[in-house]
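Student: In case you want the letters, here they are:
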Amino acid sequence: MWDYSDKVKDHFFNPRNAGALAEANAVGEVGSLSCGDALKLMLKVNPETDVIEDAKFQTFGCGSAIASSSALTELVIGKTIDEARALTNQDIAEFLGGLPPEKMHCSVMGQEALTAAVAAWKGEELDEDDHEEGALICKCFAVDAGMIERAIRTNKLTTMEMVTFYTKAGGGCSSCAEPLEELLSDVNAAMVAEGVISADEAFVFGAAPAPAPKKKATGFVIPDMPPPPPVTPAPEPISIQPIKVKPANAAKLSPAPVITPEPARSGRTSAQEAIVIARVIEEMRPVFQADGGDVVLLDVEGNKVSVEMKGACAGCQIASLTLGGLRKRIREELGRDFVVVPAPKN
Amino acid sequence: MDPIYLDNNATTRVFPEVVQEMLPFFSEQFGNASSIHAFGEDVGSALRKARRSLQALIGAEFDHEIIFTSGGTESNNAAIRSALAANPQRTEFITSAVEHPAILSLADWLEKHEGITVHRIPVDKEGRLDIDAYREALNSKTALVSFMWANNETGTIFPVDGLAELAHEAGALFHTDAVQAVGKVPIDLKSTEIDMMSLSSHKLHGPKGLGALYVRKGVRFRPLLRGGHQERGRRGGTENAPAIIGLGKAADLTLATMAGDLPRIAALRDRLEEGIVEKVGHCFVTGDARDRLPNTTTIAFEYIEGEAILMLLNKQGIAASSGSACTSGSLEPSHVLRAMDIPFTAAHGAIRFSLSRETTEAEVDRVIEAVPAIIDQLREMSPFWSNEGGKAEFNPEYA
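If you're matching them up, the sequences are chains E and G in order. In case it helps, this note's numbering puts the first sequence at residues 1 to 346. In case it helps, this note's numbering puts the second sequence at residues 347 to 745.
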């Protein structure tokens, strides 16, 4: 469990200003489902005075993301737009009595949503047309250069690890490590020139050990863009399928039978054995068919029985039950051990 | 309100009978089993008894096929390294994409630093192994295949008997990480072709810090820890006698009641997931419904995040766990859920409930009562949730 401050816990368990704000006239949105956190900040700004009279949030995320959002609304209510604009993620973290370093990105998300809402109110363009600023660095978490630079400057970040903790950039596939390092060293160099940090602290390009290429499961790609909308007109893929313990499953739970020493061979010829095996499979087919599958005998060679698995029996799981059960029945009939092997898919 | 512990795949409560069995071996019968005096003798015979108890639980043909280790991780490391060292002419290793880190991080290391070719076999949306990909990966260079018996996150069971036979057809050794399976499914190793199997004591109500590696008689073994002659020279170091004796007792207790416990636990698990799925909506059970551990269910709740769910459950005294990114310190959801291609809408909100034989119906009903309100509370806060039920139109500019 994370070491959350009491204030973080309080703002998570009793979030202030959660929900939709009907009279909102400035909204800032950041994050996505694929990123694992997202925030919609809604502000009600008085057009006469520029004072934020009310603020509410909707957040998808962990405990500290919800607490940071709650803290953000408390911080901005009563402030003018210009005062609010001066708030940073540090203010959010401080308000909460600190956040674990790995969770600082939650406070940065708050600041980003606020920046977006303020820009919207002011009618300013937000990054979109500014290629340099808006260049997407981390595709896994959709983090652009502007956000990373702001987080580096605000929090005086000088290591790659901290950049990931604060912005999540580089925390996925690591393929952005190089541009990220470049950006960190450029921003740090500028900060040294401005006298904000000392030259010793600054990150120098190439200083980070080369990241280990991340190993992925064969044949799998982690989507770097949000996945297709999950609720399509026909929501079958995520429809709820009540799980039932099938009789087959129940049978599996009984203790495995103890295998007795093999009796002597039956004295049949291989052709006769094959006939017996075919009969055993025919006898067992109704069991598989009842489960929506089927098994067909292809070949018997030596002690190897090849079968084709169809329907629910096919595909990946050679249900240990299916093949194990077949094997046992064949052994019972013929008194010697056979290996039952599913044929490869064509 | 009494706390409810539904995180038994993480660890289990040590049975009081197990503790009782262990206690004399700290301050009274404290001898070293290798010593030639009464102190050592007592311990030696207690260790032999414990070994036979474990042998009975896993259906090993011989008691000397069991090597005690420090836990599942050591057992896995020992098995993989032994197989590679014993077959230096074979340089390939096959495993699955959904193994425990105790396998996968070693596989990464071997691939990167020791010139081993690693095949990680994918799974389908229900977490079932792609057998065709496995067949294709097997070849005359395969030294070892290692597939878990049951998945720790979803409970999906791999058909290890058949998988072992396929490995042997290619002349490769077969190891299975059965840390989550031992005590939860009947295991009879002597009727299978499995060469090596890892298990961990604290997953079946034994003490922590102890595991075992089963190595079939006749399988060449190269020790990971060289030292004294303990465990027939296959694992040096003075035996952790109290823990081994505790595991022996836990094995006895598990074996004695397993036949009745497993169907009962499965029924409670089904009651739990049916109760939750029915009441909550927009959630689904992950894993293979047909072939699953009786005690495990992972339910993925859409549009909300797992850590927040766990914190609210914990406030009500309910302990569960999550494959979400935020609980682990990593930024992405668990590799198991990703390998299963669970949509991001739900992967971040996956919660695992793992029961034990101590779980009661009253506890399950309390969880069924508590969960819907927690999910509602978080969904109301989620920008992706619309009150009409389902996904809201929310597409942040930054995303």
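Do not rely on the hints blindly, as some may be mistaken.
Unchecked claim - Partial list, derived from the structure: chain G residues whose beta carbon lies under 10 Å from chain E:
1. Leu512
2. Ala516
3. Glu539
4. Glu648
5. Tyr649
6. Glu651
7. Leu656
8. Lys661
9. Gly663
10. Glu678
11. Ala693
12. Met727
13. Pro729
14. Trp731
Since the hints were derived computationally from the structure, they do not count as laboratory data. The C-beta atom is built at its ideal place from N, Cα and C for all residues, glycine as well.
Student: If a hint holds in the structure, say so; if it doesn't, say that too.
Tutor: Consistency of the hints with the structure:
1. Leu512: Constraint on G/Leu512 satisfied, holds at 7 Å.
2. Ala516: Constraint on G/Ala516 not satisfied, violated at 12 Å.
3. Glu539: With Cβ-Cβ at 9 Å, under 10 Å, it holds.
4. Glu648: Hint holds; G/Glu648 Cβ to chain E Cβ min 7 Å, cut 10 Å.
5. Tyr649: holds (6 Å)
6. Glu651: G/Glu651 check passes; min Cβ-Cβ to chain E is 5 Å, inside 10 Å.
7. Leu656: holds (9 Å)
8. Lys661: holds (7 Å)
9. Gly663: Cβ of G/Gly663 sits 14 Å from chain E, so the hint is violated.
10. Glu678: At 6 Å from the nearest chain E Cβ, G/Glu678 passes the 10 Å test, so the hint holds.
11. Ala693: This interface hint holds because 9 Å falls under the 10 Å limit.
12. Met727: holds (5 Å)
13. Pro729: Hint on G/Pro729: holds, closest Cβ of chain E at ~4 Å, below 10 Å.
14. Trp731: Holds, about 8 Å.
The earlier numbered hints that this structure contradicts are 2 and 9.
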